[in-house]
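Participant: Residues per chain are reported as follows:
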Amino acid sequence: MSWLIRAAHAVWEFVVGDDPLTALGVVVALGATALIASAGAPAWWVMPLAVLALLAFSLRRAAR
Amino acid sequence: MSGQELGLAISVFLACTVEAVEALTIVLAVGVTRGWRWALFGVAAGAVALAVIVAALGPALTALPLNVLRVVVGALLLVFGLQWLRKAVLRAAGLKALHDETKAFAAETEAARAAAGVGGGFDGYAFTIAFKGVLLEGLEVAFIVLTFGANQHDIGLAALAAVVAVAVVTAAGFAVRAPLARVPENAMKFGVGVMLTSFGIFWGTEGAGASWPGGDAALLVIVPGVLVASLGLAQWLRSRAIAPAVGRVT
Chain A
525 MSWLIRAAHA
535 VWEFVVGDDP
545 LTALGVVVAL
555 GATALIASAG
565 APAWWVMPLA
575 VLALLAFSLR
585 RAAR
Chain B
67 MSGQELGLAI
77 SVFLACTVEA
87 VEALTIVLAV
97 GVTRGWRWAL
107 FGVAAGAVAL
117 AVIVAALGPA
127 LTALPLNVLR
137 VVVGALLLVF
147 GLQWLRKAVL
157 RAAGLKALHD
167 ETKAFAAETE
177 AARAAAGVGG
187 GFDGYAFTIA
197 FKGVLLEGLE
207 VAFIVLTFGA
217 NQHDIGLAAL
227 AAVVAVAVVT
237 AAGFAVRAPL
247 ARVPENAMKF
257 GVGVMLTSFG
267 IFWGTEGAGA
277 SWPGGDAALL
287 VIVPGVLVAS
297 LGLAQWLRSR
307 AIAPAVGRVT
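Protein chains in written order, with this note's numbering: chain A, 525 to 588; chain B, 67 to 316.
Just so you know, these hints were derived from the structure itself, not from any lab. Each residue gets a CB set at the ideal place from its N, CA and C atoms; glycine is no exception. Wrong hints could be hidden among the right ones.
Only some residues are given here: those of chain A computed to face chain B with a beta carbon under 8 Å [what the hints assert, rightly or not]:
(1) Phe538
(2) Val539
(3) Leu554
(4) Ala561
(5) Ser562
(6) Ala577
(7) Leu579
Simulated DEER-style distance windows between Cβ atoms [said to hold, decoys possible]:
(8) B:Gly222 <-> A:Leu545: 34 to 44 Å
(9) A:Leu573 <-> B:Asn133: 19 to 29 Å
(10) A:Pro544 <-> B:Glu71: 40 to 50 Å
(11) A:Leu559 <-> B:Ser68: 44 to 54 Å
Could you build the full structure based on these sequences and the hints that come with them?
Facilitator: Here you go:
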């Protein structure tokens, strides 16, 4: 079982790295896109705005 | 070749070139210092391990329904691409050290010399360092090959772009017999970060059920948009770093 935990940890480190807040933000933004699209409204603008905001916040945190 | 296929080939080629240059530096340092035999066995073992990973995960990914695949791949590319882009922007802003192959080669060579020697038998150090170098640098490329290739249902094209990049870097490495310090690695990493993030935005949005105005042509706006925004953020960080220093002087 410990190898499974180690493997999961390695995958997490590989994909998410040291910025889990950005990863969470991506998931939330995709969820918001799906919600707006399912309501029949245009939702293409959500991800570009969300990504710009996530990158800016991530950079501000890293630059401190 | 469609725009998305071209984007796939360019992204994989750039990412693979960058990672191959880094792996080459490690293998060169070990080979020059400890001999080539076990270093090359390590390279071969690493390459086989990567091929097995791509061959095992590729069909599993392509079996997913298209919208599920796009939202999963979009999310993964965004999370992964934003990591690349964040580091690239920090480097461009002067807040993170630029990657320097000459320094990396010197450090690897020193470590290889310091490691215990062997008397003609199996050189575990040379094998392991070369194997890990190829596997770890190659994993990021395998990830990009799998996500881009599966989404386009063209893992073959993605794998071909990766193989061409490795062949070019290997040939150049053999020609100069030194780390490829003149490859504009930092600029290429910036480019890969922009491409991964752009395709992540495009596919993630489509997978979540939204449609892009203009369909695939939207990529012609998304890619330059991400590039300009990233350059703008690098400029903003640079000015933030200078402003406090100016304030202290005056």
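Participant: Once the shortest beta carbon distance from A:Val539 to chain B is found, is it less than 8 Å?
Facilitator: holds, 6 Å
Participant: Could you check if A:Leu554 really has its C-beta closer than 8 Å to a C-beta on chain B?
Facilitator: holds, 5 Å
Participant: Can you let me know if the beta-carbon spacing of A:Pro544 and B:Glu71 is within 40 to 50 Å?
Facilitator: This hint is violated: roughly 33 Å between Cβ atoms.
Participant: Would the stated hint for A:Phe538 survive a check requiring a Cβ distance to chain B of less than 8 Å?
Facilitator: holds, 7 Å
Participant: How about A:Ala561: closest beta carbon in chain B under 8 Å, or not?
Facilitator: Status holds, d = 4 Å.
Participant: Do the numbers back the hint for A:Ser562, that is, is its least Cβ distance to chain B under 8 Å?
Facilitator: holds, 6 Å
Participant: Let's test the interface hint: is any C-beta of chain B closer than 8 Å to that of A:Ala577?
Facilitator: violated, 11 Å
Participant: At the C-beta level, are A:Leu559 and B:Ser68 separated by a distance inside 44 to 54 Å?
Facilitator: Violated: the Cβ-Cβ distance is about 30 Å, outside 44 to 54 Å.
Participant: The hint says 34 to 44 Å between B:Gly222 and A:Leu545; measuring C-beta to C-beta, is that right?
Facilitator: With Cβ atoms ~37 Å apart, the hint holds.
Participant: At the C-beta level, are A:Leu573 and B:Asn133 separated by a distance inside 19 to 29 Å?
Facilitator: Given about 22 Å between the Cβ atoms, the range holds.
Participant: Quick one, is the A:Leu579 hint okay against chain B at 8 Å, beta carbons?
Facilitator: holds, 6 Å
Of the hints listed earlier, those the structure fails to meet are numbers 6, 10, 11, in rising order.
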